[in-house]
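Based on the sequences and whatever the hints tell you, model everything.
One letter stands for each residue in the lines below.
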Amino acid sequence: MNLLSKKSLRRLALAPVFVLVAGLVIVGCYEDYGLTVKDYDTNTTMYVAATNFQGYKYFLMPDTVMHVYDRTIGSDPMPAGARKYDEQILSLTASNLQARGFTRLSDTLQIISGGIDPNTVLAVLIGQFSVDHTGYYYDYWYGYWGGYYPYWGYGGYYPPSYVSTYEYTVGSNVTEIVDYGKSNAQRKAAPVWVGIISGLTGDPATAQTRISDGINQTFAQSPYLYAGQ
Amino acid sequence: MTNLLKTFVLAALLTATAVGQNQMSGISWNIGIPTGQMSSYMDKISYGGFGLEFHKFTGENTSVGILFSWNVWSNLTGDIIPFSNGGVSGAVSGTQIRYYNSFPILLNVHYYLNEKNAEFRPYAGLNVGTYYILQRLDIGTWSLSNDQWHFGLAPEAGFMVEVSNRTYLNVNARYNYAFDSGSTLGGKDDNSLAYWGINAGLVWYTGWF
Chain F
1 MNLLSKKSLR RLALAPVFVL VAGLVIVGCY EDYGLTVKDY DTNTTMYVAA TNFQGYKYFL
61 MPDTVMHVYD RTIGSDPMPA GARKYDEQIL SLTASNLQAR GFTRLSDTLQ IISGGIDPNT
121 VLAVLIGQFS VDHTGYYYDY WYGYWGGYYP YWGYGGYYPP SYVSTYEYTV GSNVTEIVDY
181 GKSNAQRKAA PVWVGIISGL TGDPATAQTR ISDGINQTFA QSPYLYAGQ
Chain G
1 MTNLLKTFVL AALLTATAVG QNQMSGISWN IGIPTGQMSS YMDKISYGGF GLEFHKFTGE
61 NTSVGILFSW NVWSNLTGDI IPFSNGGVSG AVSGTQIRYY NSFPILLNVH YYLNEKNAEF
121 RPYAGLNVGT YYILQRLDIG TWSLSNDQWH FGLAPEAGFM VEVSNRTYLN VNARYNYAFD
181 SGSTLGGKDD NSLAYWGINA GLVWYTGWF
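Chains F and G are the protein sequences, given in the same order. Position 188 of the first sequence, counting from 1, maps to 188 under the working numbering, and the rest follow consecutively. Position 85 of the second sequence, counting from 1, maps to 85 under the working numbering, and the rest follow consecutively.
Hints were generated in silico from the structure; no laboratory data involved. All C-beta atoms, glycine included, are put in the ideal place defined by N, C-alpha and C. Each hint should be verified, as a subset may be incorrect.
To be verified - Looking from chain F toward chain G, a few residues come up when the C-beta cut is under 7 angstroms (computed): (1) 37; (2) 41; (3) 42; (4) 43; (5) 131; (6) 172.
Rendered as structure tokens:
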């Protein structure tokens, strides 16, 4: 092929046209959905498929949420305000279970005094932890042409790339329901259901609503979780 | 869209004095419409796609060629995702962004009606080759992806309408089917994919080679 022929030059002239068309298509492809903090919340539920939830009628639940954090960091590594939502979480979890027909027992003594079969009792444990995520990325240079150096009039030159860092914290609330009778008999926990809500921390304005919505959603997506008569 | 139209017109004008009718090249804007199993994960139409094609005529009414194209789908949804693994079942909910990227590389044969210089030429053809499919799910702060190569077929039918000397507006419908080659992002054994392509662009009687 003669690269200097008129035909070849016409073909080469079309190359930027193709690149332009491809670029227009590519730029328009990925839609910006305008996500907010709430959109990064997830609600996960897991259960042992062979469990007969209708065989349970009662539940026990401590009045404390366990907070898991690294005690080796600083003098008071527990995040500030970590227990702020404990009461809300405990209350909402209990009310969801009661709405599904489970009766709350005040303590284990009631099992004995009430002549209750331990195998009809669930134990509910709630824990929280958070994980910090940090990293870096190379950002695009073209975003800084023009407006970044307004005094130059025409924009000016900026280095081809630069490094940016990011940091965010994901908090998780884990509700674990275990078979009380089986756990006691085998001396180890026998979980039957787990509900996990996770989301970005650092937005106190929405935290209370997001926690409530998350806990309610974990029960809503568990239609099998209801007490027997 | 206006800029895109201007670009297509510019490409047509640049090829107005093309020589030789043994080869044909083309570029198109591709729309993708999911069907079957694909539509259960992605029920949105893709308007983001383009294709490049090159044909060599083996006779007055037949050609062989090669096609490269790309379609991308994305959808924002809050559907609950059930899962099951061994004796444990469950579900995940939250705002999700679901993506599909399809990159077909296909060889083809076409049959054209009417003579080569006709202003209107309907045609039908068959594409055979590979599809590179990238499936991705963004949920919460997590991004999960799965990519596979598939063997695929794509029958198509369309027509060409002359808009300038040896340059044609080209419109066709193509049924893309990528055969099963592994598992889906969610662990299903069958990851076959099918979507309709509605493609519109320009072809011109001059080759790159």
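Results for each hint:
no.	hint	result
1	37	11 angstroms, violated
2	41	6 angstroms, holds
3	42	4 angstroms, holds
4	43	5 angstroms, holds
5	131	10 angstroms, violated
6	172	10 angstroms, violated
The structure is inconsistent with the numbered hints 1, 5 and 6, although it conforms to all the rest.
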